[in-house]
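Heads up: the sequence lines are chains A and B, in that order. FYI, in our numbering the residues of the first sequence are 1 to 423. FYI, in our numbering the residues of the second sequence are 1001 to 1264.
There may be inaccurate statements among the hints.
Stated by the list, open to error - Here are the simulated SDA-like cross-link-like pairs (lysine to any residue), alpha carbons at most 20 angstroms apart as the crow flies:
| # | chain 1 | residue 1 | chain 2 | residue 2 |
| --- | --- | --- | --- | --- |
| 1 | A | LYS274 | B | VAL1133 |
| 2 | B | LYS1122 | A | SER42 |
| 3 | B | LYS1149 | A | VAL277 |
| 4 | A | LYS355 | A | ILE54 |
| 5 | A | LYS355 | A | SER42 |
| 6 | B | LYS1172 | B | ILE1246 |
| 7 | A | LYS274 | B | LEU1134 |
| 8 | A | LYS248 | A | SER182 |
| 9 | B | LYS1149 | A | GLN271 |
| 10 | B | LYS1154 | B | VAL1044 |
Said to hold, decoys possible - Just a sample of chain B residues kept apart from chain A, beta carbon distances all over 12 angstroms, derived:
| # | residue |
| --- | --- |
| 11 | THR1017 |
| 12 | ARG1046 |
| 13 | CYS1054 |
| 14 | ARG1059 |
| 15 | ALA1066 |
| 16 | ALA1080 |
| 17 | LEU1082 |
| 18 | ALA1152 |
| 19 | ILE1158 |
| 20 | GLN1161 |
| 21 | GLN1174 |
| 22 | ASP1207 |
| 23 | ALA1232 |
Said to hold, decoys possible - Listed below are several chain B residues computed to face chain A (Cβ distance under 10 angstroms; list not exhaustive):
| # | residue |
| --- | --- |
| 24 | ILE1003 |
| 25 | ASN1026 |
| 26 | ALA1027 |
| 27 | ASN1041 |
| 28 | GLU1043 |
| 29 | GLY1105 |
| 30 | THR1142 |
| 31 | SER1197 |
| 32 | TYR1210 |
| 33 | ASN1226 |
| 34 | ASP1237 |
| 35 | CYS1243 |
| 36 | ILE1246 |
These are computed hints drawn from the structure, not numbers from a lab. A virtual CB, placed ideally from N, CA and C, is assigned to each residue, including glycine.
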Amino acid sequence: MAAGLGIQHGSPVWLSPSIVPSRDTVVSPGSSPSVAAVTVTSTNVFVYVKVDNIGTVELGACLCAAPVPAPWPAVTQFAGFLASTAGTTSASRAGFTFTASPAGDNINGPGVNFLFGVVASGRRAWDWSPDGRFFAYASAFSGNDWNLTVIALQNITRSDGTVILPSQLASRANGVYSILWSNINFGWANSQAVVTSGPNSGGTGLSIACPYAPGGLVWGSLTPAMPGLIDYVYLVSPCGSVVAIVPKVLVAGAGAPQIAVVSTSSALSIQFTKNNVPTAVAITGPAPSITTVAHTANGTQIVTGSGTVSVDDPDCTMVGGGVVAWVDRVKASTLPSGNLGVMSVGSGMAAGSLKPGQSSWVQVPNSNPLGWANQGEQHWCLLAQAYTSDGTTVARPWNGQAPSPPAFPNSAVNCAQHNIAIS
Amino acid sequence: MSIHRFTVNVPNPTSKTVLSELRLENAKLANIFPIDVPEANLEVLRAGLALDPCDPGKRNIAVRLAAHASLDIHVTVVTADLPRRAIGGSAMLNLADRRGGKVVGGVLLACIDRSAPEWPGKEVSTSTPCPAVLATTVYGVTIGADPSKRPAKKALPIGAQFNLVAPIMNPKAQSLMGVMVYLEHLGISGATFVPASWNVGILRQGDIFYATWHVNTDNSRLGSFNASIVVASDGSDRTRLICPVIMGQARLEPARHRDRRRPE
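Based on the sequences and whatever the hints tell you, model everything.
Structure follows, in structure tokens:
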């Protein structure tokens, strides 16, 4: 599976048919425009760039592949637990080995050698994330306190674009419960967050450690205890973008508390939305459930106890990023790599799933304040490139606005040129 | 008779001296694609390449280029008078650059004698456009605010970050399936946005989906611009909705609350 974008080269190479200056208003990105002559005073000329998906991966689509209908599962409790300093264990997964012993605990593997140290109380719990990209470890210095450490086992790109390397700390949280905790107090929410909950003075303490959030942020709350009346279950969306804190109203009439939602990419409270408008969902029954029936708006159904309500699927209603078509121009030379005064023209987006083999004509307006000024030279060359906005799936091949830019890589499949006259 | 002059740069980005063989070749307009230039009926009387702009030159020239150096080649094309002046005429030449026996680059030279006004462009329609439309014009709301609450002012703020809202509606009697929306561009405003597409799915009659995009207008210009939002649904072609946006407001309307305390 490889991602790839292309812009057809021309024959001759300086006349790509996939780069077209045009005054046409083309209703569909599936239709081609006709070429317009450009003058220095033109204000209504677009550059249309035909971008082809030449890879084997659909671009711009939601990455959540969970089949629907998908009931939201509860968090997955940690599998490993020891309660005494004398306990020993060794467990391996995907080339990484966790070892616990009275001499200290550690995890080792390719590029990872992390020492958790000796746990004075002997109480610790641990587990790999379901996708094997993280290892989470909780320990107690003494009594009821807990310290959670989440370690990256692979390169992880956070939601803000920062990268954490193997063996680096991805997230950290701590707290104190009113009980001696065990592995049941910790669980993975998909592979996106670690949910920790337990009784505390005044209620139930809850923390959600989010390794993909900027800085590995942790969300926390304290919910008043209402034993026998209201309990809580922590449900995870099928692809882990949110954790829902869902009340269970055990006794009719005990209230209608609302579901709280936490984003694992930001570690912030958010709201369910309906047609992208924030909406609150109150629970009135003892057995609430959430099911994703479609990865779209109104694609998630919540059984509240008073019926079923629909809200937007938080995993896939919005898909960030897309395919960019970027256009620059240079004074014409016989080589496209000869950059004579690179001027930006503008960019446009082709998004909303570009399947392998599909093409889209992207409409690019000339947003340069200088318009089509020709600096006294009529012959110019439009340089177009296509890439994905995340900068990684298909990297941007060239930045003409950088100081002293290198030669335009015209031979690249996702770069092409087209000579024009600006009269 | 008209004289068309061009200056074309011939670069050598390599670290070795190279020999560039340049040749002017006739290009056929019909072989390129439909083009908004007058009919290709200009007769080329003479065409030449030269290092001296006053030299009429000849069709072939070979130049030796030092490492990391370039030369300006002057092209002079003389064309005959137009047979039908009212509609203008054109002639196309390719300047091909061969190095080591291979064409490594070139330039299309368009000699245009135009007396008619420029073609204004046309609307290229599509057979099955997506029926989804904008319920109202697009507008801005503060980030995190309810996108269904449309502010009274139409203009978008300059030098600000906000959510641009496009209320997408189904005007048809039957539900639209597989609806998808994305923002293609914000015209020549200079504003930037975080790209995203919205999987709306089923859009029932009269339903409105409030698509939003995070917009930054720090480098925007004042005025009215045409943004392009693309909508699609099952069984239809992707369709551009041209959305006028006005940039000009100092800031978004503040949240409506009133402090009744008197100043101390």
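A quick look at each hint next to the structure:
| no. | hint | result |
| --- | --- | --- |
| 1 | A:LYS274 / B:VAL1133 | 19 angstroms, holds |
| 2 | B:LYS1122 / A:SER42 | 15 angstroms, holds |
| 3 | B:LYS1149 / A:VAL277 | 9 angstroms, holds |
| 4 | A:LYS355 / A:ILE54 | 9 angstroms, holds |
| 5 | A:LYS355 / A:SER42 | 35 angstroms, violated |
| 6 | B:LYS1172 / B:ILE1246 | 29 angstroms, violated |
| 7 | A:LYS274 / B:LEU1134 | 18 angstroms, holds |
| 8 | A:LYS248 / A:SER182 | 23 angstroms, violated |
| 9 | B:LYS1149 / A:GLN271 | 16 angstroms, holds |
| 10 | B:LYS1154 / B:VAL1044 | 55 angstroms, violated |
| 11 | THR1017 | 15 angstroms, holds |
| 12 | ARG1046 | 19 angstroms, holds |
| 13 | CYS1054 | 18 angstroms, holds |
| 14 | ARG1059 | 15 angstroms, holds |
| 15 | ALA1066 | 14 angstroms, holds |
| 16 | ALA1080 | 20 angstroms, holds |
| 17 | LEU1082 | 16 angstroms, holds |
| 18 | ALA1152 | 19 angstroms, holds |
| 19 | ILE1158 | 14 angstroms, holds |
| 20 | GLN1161 | 16 angstroms, holds |
| 21 | GLN1174 | 17 angstroms, holds |
| 22 | ASP1207 | 7 angstroms, violated |
| 23 | ALA1232 | 6 angstroms, violated |
| 24 | ILE1003 | 13 angstroms, violated |
| 25 | ASN1026 | 13 angstroms, violated |
| 26 | ALA1027 | 9 angstroms, holds |
| 27 | ASN1041 | 16 angstroms, violated |
| 28 | GLU1043 | 19 angstroms, violated |
| 29 | GLY1105 | 4 angstroms, holds |
| 30 | THR1142 | 13 angstroms, violated |
| 31 | SER1197 | 4 angstroms, holds |
| 32 | TYR1210 | 4 angstroms, holds |
| 33 | ASN1226 | 8 angstroms, holds |
| 34 | ASP1237 | 4 angstroms, holds |
| 35 | CYS1243 | 13 angstroms, violated |
| 36 | ILE1246 | 16 angstroms, violated |
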